[in-house]
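*Asks:* Residue numbers (the numbering used here), protein chains in the order written: chain A, 14 to 163; chain B, 14 to 163.
These are computed hints drawn from the structure, not numbers from a lab.
Don't take each hint at face value.
It does not matter which identical chain is meant; a pair holds if it fits inside one copy or across any two.
What the hints assert, rightly or not - Derived DSS-like pairs: lysine-lysine, alpha-carbon spacing no greater than 25 Å straight-line: (1) K41 / K132; (2) K143 / K132; (3) K154 / K41; (4) K68 / K117; (5) K161 / K132; (6) K163 / K122; (7) K41 / K68; (8) K104 / K115; (9) K163 / K104; (10) K132 / K162.
In this text, all values refer to a predicted model and were calculated from it rather than measured experimentally.
2 protein chains.
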Amino acid sequence: MKLHKIVLATTATVLAIGAGFAFAQFQKPEDAIKYRQSAFTVMANSFGKIGAVVKGEAPFNKDEVARNAAIVAMMSTLPWQAFGPGTEGGKAQSEIWSDNAKFKAASEKMQLAVVDLNKAAQSGDLENIKKAFSTAGASCKNCHDDFKKK
Amino acid sequence: MKLHKIVLATTATVLAIGAGFAFAQFQKPEDAIKYRQSAFTVMANSFGKIGAVVKGEAPFNKDEVARNAAIVAMMSTLPWQAFGPGTEGGKAQSEIWSDNAKFKAASEKMQLAVVDLNKAAQSGDLENIKKAFSTAGASCKNCHDDFKKK
């Protein structure tokens, strides 16, 4: 059965999406922590599936990579609304709040990197996917190094 | 700043998407449980935001409702791959595995209902959104009554 293609119209203005969702209300800090961890869990799963293809551990199925990249691109816009004031906890370092501008910049770098990954994935060129995956992965690691508890 | 519109090309063939992702490997049952719960958490959050609008508890912002419906539609296709054999646990009732055909039918009913919700949301007609939301909500409840632990 042919996979139905999901088209995500993503551009550099992806950052505007997040802006519209800044600090949506969560009833309790635990709800915010659960939400952001859930968004990262779903994102990491699809990112990891692309990684397996990039590393040659899984066959290159264009439709599946394109679908996973679309999931990653959408998920990448979601966690930030759940890092509002008073939601410290979980795996989040306190620097997210004490140096929020740096955290925001790192999150935006990642979102732009996965927009590029999604574009490469939709085009179906494996070499471009590999490059974009590497850049996106570096943007994840960069942010985790500074802002995620070990 | 204007929200960038995300377009999900969803049709009744949405079910084909899930089929392509059936039983992706998870290292451990706990990973599958964490993944499916995460997908439901993200889906429920966006569904709840639409619900607040439908109930008149939040203002009707067409772009936000459309975006949340697109998130719900995408998320609705994800959890099922994580209900594979040997992944019993969490809030899942054993009937998911012992009466899997019924569970699958309920999951497909929900996925089709949220495709309709997404169509209504993209069109921006609040009355249609209310109707589609009600049908979608009933499909959630129906499946939870039979297959989710209290």
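*Asks:* Tell me the hint numbers this structure goes against, listed in increasing order.
*Replies:* 1, 4, 5, 10
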